[in-house]
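Heads up: the protein sequence lines correspond to chains A and B, in order.
Just remember that this note's numbering sits 10 ahead of the position in the first sequence, which is counted from 1.
Just remember that this note's numbering sits 191 ahead of the position in the second sequence, which is counted from 1.
Because the hints were derived from the structure by calculation, they are not lab data.
Since the structure is predicted, the reported quantities are computational estimates derived from the model, not experimental observations.
Any given hint might turn out to be false.
Below, computed lysine-lysine pairings styled on BS3-like, alpha-carbon distance capped at 30 Å [what the hints assert, rightly or not]:
#1 B:Lys392 - B:Lys687
#2 A:Lys382 - B:Lys292
#3 A:Lys439 - B:Lys484
Where chain A lies over chain B, by a calculated footprint (3+ residues, C-beta under 8 Å) [unchecked claim]:
#4 328–341
#5 345–355
#6 359–367
#7 567–581
Ideal Cβ placement from N, Cα and C applies to all residues, glycine included.
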Amino acid sequence: MDWSHSLRLVAPEELLSVASLVLLLGAAWARCARDARAITWLAVATLAACAVMVAPTAFTAARGPEVLAFGGLFAADAFAAYAKLLIYAAAGASLLVAPAFFEKLRAYRPEYPVLVLLAVAGMGIMVSATNLLTLYIGLELNSLAAYVLAAFLKDDDRSAEAGLKYFVLGALASGILLFGMSLTYGFTGTTSFTGIAAALQGGVSTGALFGVTFVMAGLAFKISAVPFHMWTPDVYEGAPTPVTLFFASAPKVAALALTMRVTLDAFGSQVAAWQQIVIVAALASIVVGALGAIGQTNIKRLLAYSSINNVGFLLIGLAAATPAGAAGMLVYLAIYVAMTVGGFVAVLMLKDAAGNQVEQIADIAGLSSHRKVLSACLAMIMFSLAGIPPLFGFWGKFVVFQAAVDAGLLPLAVIGIAASVIGAFYYLKVVKVMYFDEPVMKVTGQSNWIHQALLAASALFISPAGYLLTKCLGGLAAAAVAALLHAA
Amino acid sequence: MLNHILSLMLLVPLLGAAICLFVDAKAARTVALAATLIDFALGIVLWNQYEVGGPRWQFQESAELFAGFSWKLGIDGIALMLIELSVFLMPICILASASIKKRVGEYMAAFLLMETLMIGVFSAQDLYLFYIMFEAGLIPMYLIIGIWGGADRIYASYKFFLYTLLGSVLMLIAMLWMVHEAGTTDIPTLMEYNFPVEAQKWLWLAFFASFAVKMPMWPVHTWLPDAHVQAPTAGSVILAGVLLKMGGYGFIRFSLPMFPEASAHFAWLVFALSMIAVVVTSLIALVQHDMKKLIAYSSVAHMAIVTVGLFAFNVQGLEGSMIVMLSHGLVSGALFLCVGVIYDRLHTREIDRYGGLSINMPKYALLFMLFTMASVGLPGTSGFVGEFLSLAGIYQVSSWVAFVAGTGVILGAAYMLYLYRRVAFGEQKNADAAAMTDLSAREVLMLAPIAAVVLWMGVYPESFLAPMRQDIATLDARLSQAKPEGDAKLTAGKPKAAAAHEEPAQHGGAH
Numbered sequence: 011m012d013w014s015h016s017l018r019l020v021a022p023e024e025l026l027s028v029a030s031l032v033l034l035l036g037a038a039w040a041r042c043a044r045d046a047r048a049i050t051w052l053a054v055a056t057l058a059a060c061a062v063m064v065a066p067t068a069f070t071a072a073r074g075p076e077v078l079a080f081g082g083l084f085a086a087d088a089f090a091a092y093a094k095l096l097i098y099a100a101a102g103a104s105l106l107v108a109p110a111f112f113e114k115l116r117a118y119r120p121e122y123p124v125l126v127l128l129a130v131a132g133m134g135i136m137v138s139a140t141n142l143l144t145l146y147i148g149l150e151l152n153s154l155a156a157y158v159l160a161a162f163l164k165d166d167d168r169s170a171e172a173g174l175k176y177f178v179l180g181a182l183a184s185g186i187l188l189f190g191m192s193l194t195y196g197f198t199g200t201t202s203f204t205g206i207a208a209a210l211q212g213g214v215s216t217g218a219l220f221g222v223t224f225v226m227a228g229l230a231f232k233i234s235a236v237p238f239h240m241w242t243p244d245v246y247e248g249a250p251t252p253v254t255l256f257f258a259s260a261p262k263v264a265a266l267a268l269t270m271r272v273t274l275d276a277f278g279s280q281v282a283a284w285q286q287i288v289i290v291a292a293l294a295s296i297v298v299g300a301l302g303a304i305g306q307t308n309i310k311r312l313l314a315y316s317s318i319n320n321v322g323f324l325l326i327g328l329a330a331a332t333p334a335g336a337a338g339m340l341v342y343l344a345i346y347v348a349m350t351v352g353g354f355v356a357v358l359m360l361k362d363a364a365g366n367q368v369e370q371i372a373d374i375a376g377l378s379s380h381r382k383v384l385s386a387c388l389a390m391i392m393f394s395l396a397g398i399p400p401l402f403g404f405w406g407k408f409v410v411f412q413a414a415v416d417a418g419l420l421p422l423a424v425i426g427i428a429a430s431v432i433g434a435f436y437y438l439k440v441v442k443v444m445y446f447d448e449p450v451m452k453v454t455g456q457s458n459w460i461h462q463a464l465l466a467a468s469a470l471f472i473s474p475a476g477y478l479l480t481k482c483l484g485g486l487a488a489a490a491v492a493a494l495l496h497a498a
Numbered sequence: 192m193l194n195h196i197l198s199l200m201l202l203v204p205l206l207g208a209a210i211c212l213f214v215d216a217k218a219a220r221t222v223a224l225a226a227t228l229i230d231f232a233l234g235i236v237l238w239n240q241y242e243v244g245g246p247r248w249q250f251q252e253s254a255e256l257f258a259g260f261s262w263k264l265g266i267d268g269i270a271l272m273l274i275e276l277s278v279f280l281m282p283i284c285i286l287a288s289a290s291i292k293k294r295v296g297e298y299m300a301a302f303l304l305m306e307t308l309m310i311g312v313f314s315a316q317d318l319y320l321f322y323i324m325f326e327a328g329l330i331p332m333y334l335i336i337g338i339w340g341g342a343d344r345i346y347a348s349y350k351f352f353l354y355t356l357l358g359s360v361l362m363l364i365a366m367l368w369m370v371h372e373a374g375t376t377d378i379p380t381l382m383e384y385n386f387p388v389e390a391q392k393w394l395w396l397a398f399f400a401s402f403a404v405k406m407p408m409w410p411v412h413t414w415l416p417d418a419h420v421q422a423p424t425a426g427s428v429i430l431a432g433v434l435l436k437m438g439g440y441g442f443i444r445f446s447l448p449m450f451p452e453a454s455a456h457f458a459w460l461v462f463a464l465s466m467i468a469v470v471v472t473s474l475i476a477l478v479q480h481d482m483k484k485l486i487a488y489s490s491v492a493h494m495a496i497v498t499v500g501l502f503a504f505n506v507q508g509l510e511g512s513m514i515v516m517l518s519h520g521l522v523s524g525a526l527f528l529c530v531g532v533i534y535d536r537l538h539t540r541e542i543d544r545y546g547g548l549s550i551n552m553p554k555y556a557l558l559f560m561l562f563t564m565a566s567v568g569l570p571g572t573s574g575f576v577g578e579f580l581s582l583a584g585i586y587q588v589s590s591w592v593a594f595v596a597g598t599g600v601i602l603g604a605a606y607m608l609y610l611y612r613r614v615a616f617g618e619q620k621n622a623d624a625a626a627m628t629d630l631s632a633r634e635v636l637m638l639a640p641i642a643a644v645v646l647w648m649g650v651y652p653e654s655f656l657a658p659m660r661q662d663i664a665t666l667d668a669r670l671s672q673a674k675p676e677g678d679a680k681l682t683a684g685k686p687k688a689a690a691a692h693e694e695p696a697q698h699g700g701a702h
């Protein structure tokens, strides 16, 4: 085994680990908010450096044996690189918006960027995992950091509750996942994805099928697909908003990329064993996500249901079980990250005159009369989430449905898209409240330039101008999927 | 410039919309009027340069900008006429928006965006580009109804949005399947492509779901009266004038040429729904107390004549349907404007609050009568040409359908004349209605051009038929493979052999 080669391949994860430890050390000496800010900027710089390190892999479509590290435990291929770029971008956004939010509550601590970096390192391992054990290490590293992040506002009961809830249910899901992994190992005799794929080539035994099912259930929890979604609204509502932004974007990308690798690579030879599960989870997520959102009065909970709904659409691409479906998912993921970041940044910008956060939908009534740009951006994000052209959110739905139709899953596509109309209802509700209702003039606080810049960037991405990126995004996604399936 | 005139026509209102967002109310009105007038001028250039009898697709342009679809534009005569209708009505809509006082910049931006999207729908030659334009119109229209609409605007805006969206997404799935099967997104190619007959039926139903809602056909028409009544005047004009035509355009561009067998197979469904629509909605219109609602229901009835004509599978029916669409676009738009004129003065749409307006508003009464007559289908107006051709076309297929659809004309005369009598004739019941002033110069400027075109189309429809003739003939040829057998069994009559100077020839022939 060539250690130097392997270490070169995991360089981004090494940098993240070392940086988080060094910053943790630095945090011990941090005294004031300014130090915490400095550490945040250093963390952002680390993420940027990591992005520079992985970008060439994504653009050169690297694949094959030379991207495998540590004897096939870890793959730094184009697929992982694509997912990592999205993860870094989302994590960077959640770092950038944090100081302003926490400082208002006098709760900003330098541990926040450290925990985010650790979670990102875990996610990097997740998306590169080509072995059940690597997978588990990455998943747990990410999850443990995430539990703490959810409870980051120590004085806020809701935040503590969110952390505890996330931890208990997350631990249960990890248990289910481990159980599935042990069954898979027991019936295939290996933990390596390539080995599992080879062992399942001939057919899937009942025991292995149980293994597949349990692994899928554990993963469904991590991506918050119905019926394992119950924690999502509570955790998203309770966690501090920058953390919610983080949860809704980066770990979703990581968990979905991981799910893709497990299903298309390890279980890729037995599509029939998991396709039904994915189809049911996809439709259930779309419908439950849409229906659940209708009654919500808190905008963070609404966005939580919206993320469940979006996972359903993403899973439609997975259900197709074709390269086009996987590429569609990756394109959708990029657009989803932009919409989620934009959505939560807009929520962060909703402040009353005293600078406190406004989270009730009723409180943003008539927002368009006094905060034109903010409400226009939020309306764009809502229409985009609903998948209405010409906004870019439509393109994400379009590519996954195209893959599903091409794969012959017509009933799935028809039911899924018809259910998307239910979803449109509550997205319209937000627009209605902002534009049609009488102003209550509650949201009058100003927000800082970082929020504005992030919102502008995501709004520009999801605007019709985003279509000019379709070729580039599609090319990157296709290369990533080629790398993923090449390993199989 | 001519190579990119369609892109230019899309760009002008879009730029105008962007400017309107950043300027004050007065400037926004000027910018909007200027942008629509420039587009109207471009529309005239387009019509002038359109070569009648030339290549089927003209002003084509194409750019590979996106993955999976491309920026491909081009028009035939049918699209040309509908684009002309759009650009003609838009400046009038802007003029009609003088009573809008709140958020003028955003209002004008929404309208200009609508114009871009409408022209985009009619000129798109790429299936997905068409879909994007078709669907995107929901956003500005939702905002127009919801922000500037009447009392019950929120319910109406939701209903409009969700109804139309549900229809359209099914069409999207059908489009995805078609592209998968045919391997192209090019609309002209798809129009020649023969899909398997079984598949055609499903595809036809999916497209029908979308176009029937847009059209709107009974029983999915219920969004229309709500949306029309609640929308501001200019919004109603655009809805009735152009947006409804997207449904008809969809049938003539997609359903008929792409799925001819399925169209023949489901023609009975269209006929049945249309016959119900003609009778039911006409009767509903007869009992309305709200002027806008009455005109909205009459729109449904007129659109049913369009669908009947489209599925007659012959040239007369198709031409008639196109003329009814153009005529209805002008006439119902004008009628909504007429309602808007008196609504601006008295702020009510109750028919009973008016009466005897011909006494104090003679100019108004004159124009209103012209449009009423055009809606009824009086010879000499555009309504007659379209309805006559449509009914003549359908008569060749089914005399029963022609009979029932024909009652629509009679019922149409009943409810329109009844409306006119209550509003314009009779005694002046209410002092405030009697005190209303006649049309202002701006209002005359809005209504007079429409009146002129209505008469032009009624007296010399050839101007409007000529650009479409070749395209409709092509479509008819395409449909002939699936043409159902009619019950009329028309045979051309034998020329009477009587003229004296022809006798020698006949004589010679007998030997």
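Open item on the list: So, against the hints stated earlier in the document, which numbers end up violated here?
Closed with: 1 and 7
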